[in-house]
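Residue numbers (numbering that gives the first Met the number 0), protein chains in the order written: chain W, 0 to 194; chain A, 0 to 194.
If a hint is listed, it holds; no wrong ones were tucked in.
One copy or two, either will do: identical chains are not told apart, so a pair holds if it fits within one copy or between any two.
Each computed DSBU-like pair below joins lysine-lysine, with the alpha-carbon atoms no more than 30 angstroms apart:
1. Lys173 to Lys126
2. Lys47 to Lys27
3. Lys37 to Lys27
4. Lys126 to Lys47
Treat the hints as calculated values from the structure; they're not laboratory data.
2 protein chains.
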Amino acid sequence: MQDDTRTRLIAAGAERIRRQGFNNTGIKDILDAVGVPKGSFYHYFPSKEAFGLAVVEHHMERLGARGRELLNRPELEPIERLRAFFAGLATLQAEQGYALGCPIGNLAQEMSDLSPAFRERLAVALKGFGAPVAALLTEAEAAGNLPEGLDPQETAAFIVSAWQGALVSMKVAKNASPFRAFDHMIFDRLLTRRS
Amino acid sequence: MQDDTRTRLIAAGAERIRRQGFNNTGIKDILDAVGVPKGSFYHYFPSKEAFGLAVVEHHMERLGARGRELLNRPELEPIERLRAFFAGLATLQAEQGYALGCPIGNLAQEMSDLSPAFRERLAVALKGFGAPVAALLTEAEAAGNLPEGLDPQETAAFIVSAWQGALVSMKVAKNASPFRAFDHMIFDRLLTRRS
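Sequences and hints are given; from them, build the entire structure.
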């Protein structure tokens, strides 16, 4: 029962923090949403920061599950798998009106300079996002399908950054155009072997 | 004198908002920093949002001046001018400890879903950042120095997004590695003609 309340607090907080930011989200709102009496928050979390880190953890688990799906589509060539993965994320963005962005990227922008604990956790999270991307590029390289001279690790880090940037641009533009540019530049140009 | 106070309020707010976010910055802090009596804020700005939009304007003017510098270096080929421009921005990031990021990008992430007025203004600002980039790519294209099939407008929009993403990654990593990946992928790969 206790654990269930903790989980519900995290889910309610994750949704609000994603929409309106961490500093802009009050603990009271979260407690009200879950119907937990004021004052019991600190029974579950030692501080608001600890709560925020639990929210990061929650998002990492969700993104990790998505990353495993990405790696688990042997019917597609590695680079096609990667392209399908980002196309899937872009569809989610479209469904939510090109709002909200990436919960990890949002917190990276908001919190990295304000809390060393957040920064450390978010660094791990962003690396965790890059790892399956690098794994696919390494697989493509082994099959001779990566353009010469591209390092899978550096390329993966760049793709993750460029995706985070595309999400910010989609938030502003409220349309798919930043995704289309990302998709075209990464997959038709950067990752395409030219003879 | 009035105008001077308004300018000082904007400068003090711009610095705080850049560091800690718009929603996380109190008007009282800004008034205290400038030494203006509480209560006179609304003499200068009708609302906190109007103040935030004036801060966006302030950053756009600064970035616009930088954009004009970028276009004003005829001794460099267009793509080299662009590369030097981002290298200059990366040096600024290094000097400030890979903190703070881009004031426009930060607000784009924080405010686009919370305020239509911010979103509209930030869309103009990001387009304003893309325009000199597109102009340089168009110049490169005319000189036959852009890889075939790259559209200057779309490529410029992608580069601006990828740069915003690199800034978020630098905030988290606190080192130049995301810039190096950006520089290498954009200038040695995407914008390099291969035979």
